[in-house]
Amino acid sequence: DAKTTQPPSMDCAEGRAANLPCNHSTISGNEYVYWYRQIHSQGPQYIIHGLKNNETNEMASLIITEDRKSSTLILPHATLRDTAVYYCIVRVFRETSGSRLTFGEGTQLTVNP
Amino acid sequence: GAVVSQHPSRVICKSGTSVKIECRSLDFQATTMFWYRQFPKKSLMLMATSNEGSKATYEQGVEKDKFLINHASLTLSTLTVTSAHPEDSSFYICSAKDSQTQYTQYFGPGTRLTVL
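Residue numbers (the working numbering), protein chains in the order written: chain S, 1 to 113; chain H, 1 to 116.
Because the hints were derived from the structure by calculation, they are not lab data.
Please note: incorrect hints may appear among the correct ones.
Stated by the list, open to error - DSS-like mimics (lysine-lysine), calculated; alpha carbons at most 25 Å apart, straight line:
1. H/Lys41 <-> S/Lys3
2. H/Lys55 <-> H/Lys41
3. H/Lys20 <-> H/Lys64
4. H/Lys64 <-> H/Lys14
5. H/Lys42 <-> H/Lys20
6. H/Lys42 <-> S/Lys3
Stated by the list, open to error - One-sided and incomplete, this derived list gives chain S residues near chain H with beta-carbon spacing under 10 Å:
7. Thr5
8. Pro7
9. Ser9
10. Ser41
11. Gly104
12. Glu105
Where a beta carbon is used, it is the ideal one built from N, C-alpha and C, also for glycine.
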């Protein structure tokens, strides 16, 4: 699976949009981009995933560049509860035992009052 | 989203004893489950992949005789830490794939193991 690069930390003001970038320049055509977050001492929480089209759900929006080499996770109105480590992971979409999520270091997002 | 539970959430045991951790997919069937370990201020590290009805596949460096994994049903996988030692103290997290949502992996809340 392709490797991703994320900034180690970011700050955001409460109520503002949080834009978290991720580089995945070696992504393959059959690899999806997944975003998870982990609040301290909890298991990771699924946020969103996409292949090449932009995606939106009740939690966030995912913007993938046309060449698919980078993406941005957008939390439209960040709250204090969004403070967490955010992981961008690229994974091949196939149902085999080899298809699994491998975590990097992620981005520590701190939402400030 | 799909729900994965773990039990217990916290366990403290004496060195040399064995500890079993249960992972359940509550509202979906999971043919594949995963076990991760996380040390303080570190990222998650995959330990093994558990497939229902077959032997688990362990990542390099993970002792299969120490970390016994059983995936006897489509909703339950167990991790047993045998002869636990203080260095096994960690946060253990399970994950399950949901075939109904494009094989998205969902995670349990984790189990904090402390070996005295």
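The hints, checked one at a time:
1. H/Lys41 <-> S/Lys3: Since the Cα atoms of H/Lys41 and S/Lys3 sit roughly 20 Å apart, the hinted pair holds (cutoff 25 Å).
2. H/Lys55 <-> H/Lys41: Roughly 31 Å between the alpha carbons, so the hint for H/Lys55 and H/Lys41 is violated.
3. H/Lys20 <-> H/Lys64: 14 Å, holds
4. H/Lys64 <-> H/Lys14: 21 Å, holds
5. H/Lys42 <-> H/Lys20: Roughly 23 Å separates the two Cα atoms, so the pair holds.
6. H/Lys42 <-> S/Lys3: 17 Å, holds
7. Thr5: 14 Å, violated
8. Pro7: 15 Å, violated
9. Ser9: Violated, because the Cβ-Cβ distance from S/Ser9 to chain H comes to roughly 13 Å (cut-off 10 Å).
10. Ser41: Holds: closest Cβ of chain H sits about 7 Å from S/Ser41, inside 10 Å.
11. Gly104: This hint holds: S/Gly104 lies near chain H, its Cβ roughly 6 Å from the closest one there, short of 10 Å.
12. Glu105: This interface hint holds because 5 Å falls under the 10 Å limit.
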